[in-house]
Amino acid sequence: MKGYVKYFSGKLVWFLITLVAAFVLNFVLPRLMPGDPVAIITQRTVQGMASQAGIQKVYQQYAELFGTNKPIHEQFIIYIQNILKGDFGLSFSQYPRPVADILKSSIWWTVALQFPAIILGWLIGNTLGALAAYLKKGFDKVIMPVSIFISNLPAFGMAVVLLVIFGVKLAWFPTSGGYGFDMIPNLSWGFIWSVIVHYQLPFWSIVLIAIGGQAIGMRSMAIYELNADYVKYSRFLGIKDRTTIKYVFRNAMLPQITGLALSIGTMIGGALVAEVIFSYPGLGSTILTAVMGQDYPLISAVTLIIALMVLSATFLIEILYGFIDPRIKAAQTD
Amino acid sequence: MKKRILLILSLVLILSMFLAACQPETQEAVQEAVEEVAEEVEEAVEEVEEEVAEEVEEEVAEETEEAAAAGPDLDPAEVAASLPREETVYIAGLQWSAVVGWNPYSSANNNAMGIAAGSNARVPIFETPYMYNMINGEQIPLLADGPWTWNDDMTEITFTLKDAAMWSDGTPVTAEDVAYTWATHVKYETTAGVGYGDYIDNVEAMDDKTVVVKAKLDEDGNAINPLLLKAYVSSEYVVQKAWTEILEARAGNDATALKEDPALDFVSSGPYTKFYDDDQKVVYIRDDNYWGQDASMWGALPVPKYLAHTIYADNNAGFLALKAGEVDVSQQFNANVQDLWLVDNLPISTWMEEAPYGLTASLPTAYFNLESFGLDNIAVRKAIAYAVDYDTIIANAMTNQSPTFDQVPRSVMNPTAGEQALYDQEAVADLQWVGNDIEGANAILDEAGIVDTDGDGWRELDGQKLSYNAVCPNGWSDWQAAMEIVAAAGEKIGIEITTLYPEWGVYQTVFVNGDQQEYDIFMVWSDGAGPTQPWGRVRQLMYGQFAETQGNWNGNWGGYINPRIDEIVNEIPSVTDQDRLVELYTEATEIYLTDIPSFTLMYRPDQFYTVNETIWTNYPSAEDGRNIPPMNLLDGFSIAGLYELELVNP
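If you're matching them up, the sequences are chains A and B in order. Just so we're aligned: the first sequence equals residues 1 to 334 in my numbering. Just so we're aligned: the second sequence equals residues 1001 to 1650 in my numbering.
Excised from the complex, chain A in its bound form (with noise of 0.2 angstroms):
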């Protein structure tokens, strides 16, 4: 017992350690970017103004309004105080939106989107590669090159390809949106039918996607697994296939797992293609139109929502790994 608590808090530490670090650079790194959010907001609303004194003024109202025309160190300051308080502030690009309003309004959409899709191509792949290890022959033949040919697919040419394909040639799927173009969201049939429809294409391109990663993935552990010592060991002793394939596949599975978890954590970023090339709401436009407007606020704290989810997700693994396989917990607590 004494090892585990000795494990997990030296891996909470390190958590901690991490997280301030990253809350540290969450904050500077966006406003090192070069260009002045400001400038663009101003330019945005004094179009077409004649007075040049009243442009100046304008500017002058936002820098003081958002606090840019302050010392950075200042800055910091008021950020920490208004996150302790749970306030992120107003957005740059969505004045005068809070932040909090556009991260919840957003959030749930990448969720539902993202983390059926992980879990299922995660499935998928890892059933696909075991089998692929397994039955070999013509399977693997198949089942190899397609999934290399599709993991090297950039996820945007995934994206394209389906949008062409079934959305614009064969028109089975709509082209953008989360529900559709002429509905208001509620509680019908008809409702809930469009969301379906309109869920399917940005799904099914992260699912592909993740396929492949994970079969090329799991066929080499499984087949790393099967050729083991332990694997020959016991059919030499004349244990059932059935009953070894259990343990080669539990064996092979730890490195997926970690996998998992990691794309868990990552899936906001990883929502960006299929959100932006659907036009499907969700974080990841979210992070798109922050970056280019440089909302800092909002870029903050999308990227503090990433930090914490990849944080939460290793330290998770760790802890899980702790138990799942001792060895780890051995090595790391000499």
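Simulated from the structure, these hints should not be mistaken for lab results. A couple of the hints might just be wrong.
Within a straight-line C-alpha distance of at most 16 angstroms, the following computed EDC-like cross-link-like pairs (lysine to aspartate or glutamate) qualify [claimed, not checked]:
1) A:104 <-> B:1279
2) B:1216 <-> B:1201
3) A:104 <-> B:1198
4) B:1187 <-> B:1287
5) B:1492 <-> B:1344
6) B:1323 <-> B:1344
7) A:57 <-> B:1278
8) A:57 <-> B:1198
9) B:1274 <-> B:1294
10) B:1305 <-> A:229
11) B:1465 <-> B:1484
12) B:1230 <-> B:1169
13) B:1492 <-> B:1430
14) B:1274 <-> B:1189
15) B:1214 <-> B:1156
16) B:1305 <-> B:1087
17) A:169 <-> B:1344
18) B:1492 <-> B:1503
Chain A is fixed; fit chain B onto it per the hints.
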């Protein structure tokens, strides 16, 4: 067991994809089934309901009264769970992220389909006294009754309001509302307040319906700039005084709070009001009590009951939707727009059937940084400007959606008839180059003694090689294509020009600084059409006061100084004599084409205008004689188009 679960899971997913693919039939079938069940349940419930009904009735009556008093806060989904296609006009290309507010005092609303004050103020929700018609420069009365008038000194504009003009709460629009709107702009330093504050002294109500806009005066007692008063009456919205006071109270009279308020409870005078908005769309609904159906204004309600705008991630998504018939009016640059009807045979059209397809009004322009070595030399500027192949820019970058410089010779005017009539073309014909004149450009340089002295293929001036960058924001593909052609022209005349495409966020912090050394030849848009044009554009292109200033959003980014231009710019606003105006504009054009502080690369519409006639037809077009400008059926007099629409299948 696990395998079976997996198998079932996969089957379910495949099935859902399959079902989704054959949506209509399945959906109907399921819907029928659902409806049947619903009916049964309803019957059962009805019995119980009747008993309860009587008791509840009284309560409901009370609640309804309260609700009515609070305003028409209806649940959109109850009114229309899906918008009837034949009652909705879909617009694209204006709104690119979620709507953040409805506040007419805030210039940061990002509610682009409805709220955009300015030269061609958008008027479906809030209204201006006059609507600007960019085709002929007329200001057509909207809230106002008849044309406005100057006093004798041209220091005051007077107009009256229509008796019929009403707010959405049923109270009349009064002169006091107009005056109070101005006072609020000034008090809270809104964009309009600081923008017009240098030119407008006050807006006063003479009686219930009569408004006077008073100019700020210079030392001699003349209006500082009468043009800005003229612009004000068609550029800025009238807001209700009573509602403004509610807003002020809510904001505690704090300027920031007032401008940040999303104003969900707004009172307006226009034909549409808010209906629904989220991250994916915004929908307005017609106010069937709109005052404008009075005979003194439109005599009818606008045809579509709903105006909707889907928020697309990018141009391409909006373009696909236009092709799919999900967009009726598109304000996007659609490359090779003619292919939509010539190749795809879609019922899509533009303002004109032939190139340039639209009504161009602005002049994307490349500025020479006069601080850069050699660019202070007229011969160098002239040679570069003469050598550029503008026809290729127009054909490639704009896919011919701009007239060529043969069709509309270069000047400081946009191609609209109103502006073209403001200068004497013959007087400057010798100066108007068409471009791609490599020989001429080389001759100019040779004559000026700017030759290649060291044999490296590039010309030198005083022993120093002429080398420049040509800059525009990254991702602005038509501009980037133009800059490539400028660079190619440089190569042909022995001047090294390399392209540079910084991100917009960076670009717009550099070129606005008068002493910047980073960009040599760089592109900026120009003013389009408006009540202060083409004066505003002359000022933008050459006004000396803007030269070498910091945070300069006004113009003259190359730092050109010519006292004569400054005199002309100062004189024009007060000139009423047409001949004198033409004289001054011709002189300004002559100076511009001689000194070439910058050069126009193409013409561009104020708003792109592509319409889909799958559902609606009778859109305004160039040849229909109605004089309704192609501005999305929302901007200024363009809104008249909404009263003219007809269904393809009535």
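Hint by hint, here is what the structure shows:
1. A:104 <-> B:1279: Holds. Residue 104 (chain A) to residue 1279 (chain B) sits at ~11 angstroms (cutoff 16 angstroms).
2. B:1216 <-> B:1201: holds, 5 angstroms
3. A:104 <-> B:1198: Judged against 16 angstroms, a Cα distance of about 42 angstroms means the pair is violated.
4. B:1187 <-> B:1287: violated, 31 angstroms
5. B:1492 <-> B:1344: violated, 39 angstroms
6. B:1323 <-> B:1344: Holds, at roughly 9 angstroms.
7. A:57 <-> B:1278: violated, 32 angstroms
8. A:57 <-> B:1198: Within the cut-off at roughly 12 angstroms; holds.
9. B:1274 <-> B:1294: violated, 22 angstroms
10. B:1305 <-> A:229: Given pair residue 1305 (chain B), residue 229 (chain A) is violated - Cα atoms ~75 angstroms apart, limit 16 angstroms.
11. B:1465 <-> B:1484: Violated: residue 1465 (chain B) and residue 1484 (chain B) sit about 20 angstroms apart, past 16 angstroms.
12. B:1230 <-> B:1169: The given pair, whose Cα atoms are some 29 angstroms apart, is violated under the 16 angstroms limit.
13. B:1492 <-> B:1430: Distance of about 24 angstroms is beyond 16 angstroms: violated.
14. B:1274 <-> B:1189: Violated. Residue 1274 (chain B) to residue 1189 (chain B) sits at ~26 angstroms, over the 16 angstroms cutoff.
15. B:1214 <-> B:1156: At roughly 5 angstroms apart (the allowed maximum being 16 angstroms), residue 1156 (chain B) and residue 1214 (chain B) satisfy the hint.
16. B:1305 <-> B:1087: Roughly 5 angstroms separates the two Cα atoms, so the pair holds.
17. A:169 <-> B:1344: With a Cα-Cα distance of about 13 angstroms, the restraint between residue 169 (chain A) and residue 1344 (chain B) holds, given a limit of 16 angstroms.
18. B:1492 <-> B:1503: With a Cα-Cα distance of about 28 angstroms, the restraint between residue 1492 (chain B) and residue 1503 (chain B) is violated, given a limit of 16 angstroms.
In summary, the structure is inconsistent with hints 3, 4, 5, 7, 9, 10, 11, 12, 13, 14 and 18 from the numbered list given earlier, while agreeing with the others.
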